[in-house]
Amino acid sequence: GESVGLHLPTLSVQEGDNSIINCAYSNSASDYFIWYKQESGKGPQFIIDIRSNMDKRQGQRVTVLLNKTVKHLSLQIAATQPGDSAVYFCAENGQFSTGRRALTFGSGTRLQVQP
Amino acid sequence: DGGITQSPKYLFRKEGQNVTLSCEQNLNHDAMYWYRQDPGQGLRLIYYSQIVNDFQKGDIAEGYSVSREKKESFPLTVTSAQKNPTAFYLCASSIADRVYGYTFGSGTRLTVV
Chain A
570 GESVGLHLPT LSVQEGDNSI INCAYSNSAS DYFIWYKQES GKGPQFIIDI RSNMDKRQGQ
630 RVTVLLNKTV KHLSLQIAAT QPGDSAVYFC AENGQFSTGR RALTFGSGTR LQVQP
Chain B
8 DGGITQSPKY LFRKEGQNVT LSCEQNLNHD AMYWYRQDPG QGLRLIYYSQ IVNDFQKGDI
68 AEGYSVSREK KESFPLTVTS AQKNPTAFYL CASSIADRVY GYTFGSGTRL TVV
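Keeping their order, the protein sequence lines are chains A and B.
The first sequence begins at 570 in our numbering and counts up one residue at a time.
The second sequence begins at 8 in our numbering and counts up one residue at a time.
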């Protein structure tokens, strides 16, 4: 079946560096994408979203890039801080077109920030 | 403040028992969802509900049951038919008629003892 996946299960970066977390999706019907951050033992928190009519969207220290041609999504975190250490998930709405109005989540990438 | 509350935070179940996980939201959201998360894995959809008194199965509904008698509440029962229930359970809600993201609860960790 169609799914959302991530290329790197664990990403380790130095404090102050920029982080890039990638996500590949396969459902061509997907037109809305979200990044979530999940700290240990907690529920996921919304970071940023993007619709398919955009290629880039910026938030505070975060940028999401969408390449519909290759079905690829990335989350860029500028000046990574220790508080950014968490698991990051991408999610998409591709199944909405089949009547299932629920998001599909990727398997997640763990970001470790080294001091 | 509006939010979504899951209880209890930790739950222990003996084999053969049914247990019910609570999820309550005061965000006036129409849609609610249950996801299961296993260690090092993503979220898998168990059940979701777009409106009161209606719900649909997700990818891993076997061994689980839900009800949606009130807009604010979407309890999940883990039945004895669920052979491997130990996991982290996440409830979420959203505005049903909009393609927006979810608001998640803080989760319930269920352990079979």
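Heads up, some of the hints might be wrong.
[Stated by the list, open to error] In silico DSSO-like cross-links for lysine-lysine, where the CA-CA straight-line distance does not exceed 27 Å:
| hint | chain 1 | residue 1 | chain 2 | residue 2 |
| --- | --- | --- | --- | --- |
| 1 | B | LYS16 | B | LYS64 |
| 2 | B | LYS21 | B | LYS64 |
| 3 | B | LYS90 | B | LYS64 |
| 4 | A | LYS640 | B | LYS90 |
| 5 | B | LYS64 | A | LYS611 |
| 6 | B | LYS21 | A | LYS611 |
| 7 | B | LYS64 | B | LYS78 |
| 8 | B | LYS77 | A | LYS611 |
| 9 | B | LYS78 | A | LYS611 |
| 10 | B | LYS16 | B | LYS78 |
| 11 | A | LYS637 | B | LYS78 |
| 12 | B | LYS78 | B | LYS21 |
| 13 | B | LYS90 | B | LYS21 |
[Claimed, not checked] Stretch by stretch, here's where chain A covers chain B in the computed footprint (C-beta under 8 Å, at least three residues):
| hint | stretch |
| --- | --- |
| 14 | 20 to 29 |
| 15 | 54 to 66 |
| 16 | 108 to 120 |
Read the hints as simulated data drawn from the structure, not as lab findings.
From the three backbone atoms N, C-alpha and C, an ideal C-beta is built for every residue, glycine too.
* **Whether chain A covers the stretch 108 to 120 of chain B (at least 3 residues having a Cβ closer than 8 Å to its Cβ atoms)** => holds (count 8)
* Take a quick look at whether LYS21(B) and LYS611(A) sit within 27 Å of each other, Cα to Cα. => holds, 24 Å
* To do: Mind checking the alpha carbons of LYS64(B) and LYS611(A) for me, to see if they're no more than 27 Å apart?
  => holds, 24 Å
* Assess, step by step, whether the Cα of LYS637(A) is no farther than 27 Å from the Cα of LYS78(B), and give holds or violated. => Between LYS637(A) and LYS78(B) the Cα gap is close to 36 Å, so the pair fails against 27 Å, i.e. violated.
* For the pair supplied as a hint, LYS21(B) and LYS64(B), confirm whether the alpha-carbon distance does not exceed 27 Å. => holds, 25 Å
* Assess, step by step, whether the Cα of LYS64(B) is no farther than 27 Å from the Cα of LYS78(B), and give holds or violated. => The given pair, whose Cα atoms are some 18 Å apart, holds under the 27 Å limit.
* **Given hint LYS611(A) paired with LYS77(B) - CA-CA distance at most 27 Å** => holds, 25 Å
* **Pairwise hint evaluation, LYS611(A) against LYS78(B), where the allowed Cα distance is 27 Å at most** => holds, 24 Å
* Does LYS64(B) lie within 27 Å of LYS16(B) when you go C-alpha to C-alpha? -> holds, 24 Å
* Within 8 Å of chain A's CB atoms, at least three CB atoms from the stretch 54 to 66 of chain B: coverage verdict -> Holds: 4 residues of the stretch 54 to 66 of chain B have a Cβ under 8 Å from chain A.
* Given the hinted pair LYS16(B) and LYS78(B), is their alpha-carbon gap at most 27 Å? -> holds, 22 Å
* To do: Check whether three or more residues of the stretch 20 to 29 of chain B sit with their beta carbon closer than 8 Å to a beta carbon of chain A.
  => violated (count 0)
Consistency note: the structure conflicts with the earlier hints numbered 4, 11, 12, 14.
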